[in-house]
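K.L.:
Construct the complete structure from the given sequences, taking the supplied hints into account.
Residues 351 to 790, numbered by the working numbering, are exactly what the sequence shown covers, in order.
The set of hints was computed from the structure by calculation and includes no laboratory data. Predicted model only: the values in this text are computed from it and were never measured. The C-beta atom is built at its ideal place from N, Cα and C for all residues, glycine as well. Any given hint might turn out to be false.
Said to hold, decoys possible - Label pairs and their in silico Cβ distance ranges:
1. P734 x V697: 13 to 21 Å
2. S532 x G729: 28 to 36 Å
3. P734 x G533: 30 to 38 Å
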Amino acid sequence: MLSRRKHSAKQIQLTMANSPLTMQYFSFMTWLRASKCLLVVCGTLLPFFPVHAQEVTPSFLFRPHCEEGDGFGGGLGGIPNIPPIINPGTGNCFDYPIRDPQTRETEVLSTGDILDVDLYVDNADGLSFQRVRAWIVYDPNVLEGVRIDLAPDFSLPTPGENDFFPNEGYVKIGASAAGELSGGKTVVARIQFRVLDVSVGSTVLSFFDAQSGADSRTGVFVGVPGTETNLLSLDPSQLFVRLNAGAEAFVTDTDEDLSSGDLSDSAPPVEDSPEPIPEVPEIFTLLQVQNLRATTEGSAVFLTWDPLPSAKLIGHNVYYGTVSSQYTQRRSLDAATHSTTIRNLPVGSAYYFAVRGVNGSNEETAYSQEVAVSVSNPGSSTAPLQGQLPQGQLPQGTGKSPSLSGSTGMPSSLTLLLVASTIVGMTFAFRRQFFVVHSS
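P.N.:
Structure below.
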């Protein structure tokens with residue numbers, strides 16, 4: 351009896367071991383042990399594998415001048431009798447408030463105030479660079495250039511730059527360092543402006559011609575001359591300068607000795623009517639077409655850009671060529687046109703495009719930011735067009751095509767019908783005449 355019970359228990363154990371539920375249980379436990387081992391191994395090896403984040407390209411930014419540790423050594427020399435400086439550095443450098451993702455703004459300035467700023471490279475990823483160049487657009491009717499001091503890191507100034515060019519409306523800064531720099535925030539120069547006119551309410555300091563090539567007028571470069579690479583973000587920031595349009599300029603009058611005169615005999619003051627504030631003329635050549643975008647399909651390239659806010663605008667010139675900044679072809683469009691399609695380009699060739707506005711005096715604005723694209727390869731566009739295009743075709747350009755006057759003639763089907771009718775009519779006429787002759 352006892353042996354029979356042992357045999358039954360053993361048979362039950364074998365049955366349970368071979369059951370699907372038991373097999374699933376053992377499979378789950380095996381997987382769980384393997385997972386624990388894998389987690390232990392991954393946790394041990396993870397610190398040895400660096401995590402690569404998306405690279406952030408350097409950019410130019412303005413901040414209020416900061417005195418502490420800047421080490422400026424006089425630069426172009428001091429300017430005597432400078433009025434109190436706006437936003438002086440207090441030892442803790444800070445940035446201007448953000449107006450929008452691409453714009454920072456100053457506090458309100460009045461006539462005669464000094465705008466004292468540092469131009470610096472914001473290099474969050476610590477990329478190495480050696481040369482900088484910045485052409486800053488400003489309005490010389492509103493701001494007067496006072497001084498430029500290069501930072502000590504840039505001991506090799508570029509000849510012909512590092513000065514104000516009011517006739518062109520640019521501050522041109524260019525210099526190289528003795529060795530490669532890679533700091534997170536590297537000051538390039540200290541720039542001072544004096545406010546001349548506040549009636550316009552505001553003005554903007556922006557960067558001109560930020561392109562990817564080594565010939566760009568705004569860039570942060572690395573490499574040897576001739577093969578340099580521009581690391582700068584192609585969508586640069588700008589500084590919005592707020593002006594107190596309601597304030598009057600501070601004027602010092604000559605003191606008069608009124609003690610010897612009799613105020614009762616003096617003539618009553620005459621109230622002069624306020625003179626109208628003269629309108630500051632728009633400097634058309636300093637304007638720039640914004641947001642140029644490009645895409646391609648087949649042998650055609652489609653371009654679009656934002657409207658230029660100027661009453662003087664009468665048209666646009668679209669420039670393009672196969673070499674960056676060297677345009678061999680031009681297309682002229684009217685002022686209402688903000689897009690165009692350029693067709694029959696060699697497939698696979700790289701083309702570079704830029705747009706300029708034109709006024710009635712045939713003056714042109716500054717070039718827009720250059721856009722490059724390889725024909726038939728939409729993914730190669732340096733400024734891709736947002737949105738989805740109709741499949742199989744590019745949008746038609748809105749430029750006006752030349753028209754020819756005159757009649758186009760009758761449709762070919764109608765002409766064929768008339769010819770056939772004439773032949774049938776002539777056949778019946780000849781047949782009738784034939785029967786009349788023979789019957790007579």
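K.L.:
All hints, please: hold or fail.
P.N.:
Now for the hints, and whether the structure bears them out:
no.: 1; hint: P734 x V697: 13 to 21 Å; in the structure: holds (18 Å)
no.: 2; hint: S532 x G729: 28 to 36 Å; in the structure: holds (31 Å)
no.: 3; hint: P734 x G533: 30 to 38 Å; in the structure: holds (32 Å)
Hint compliance for this structure: every hint is met.
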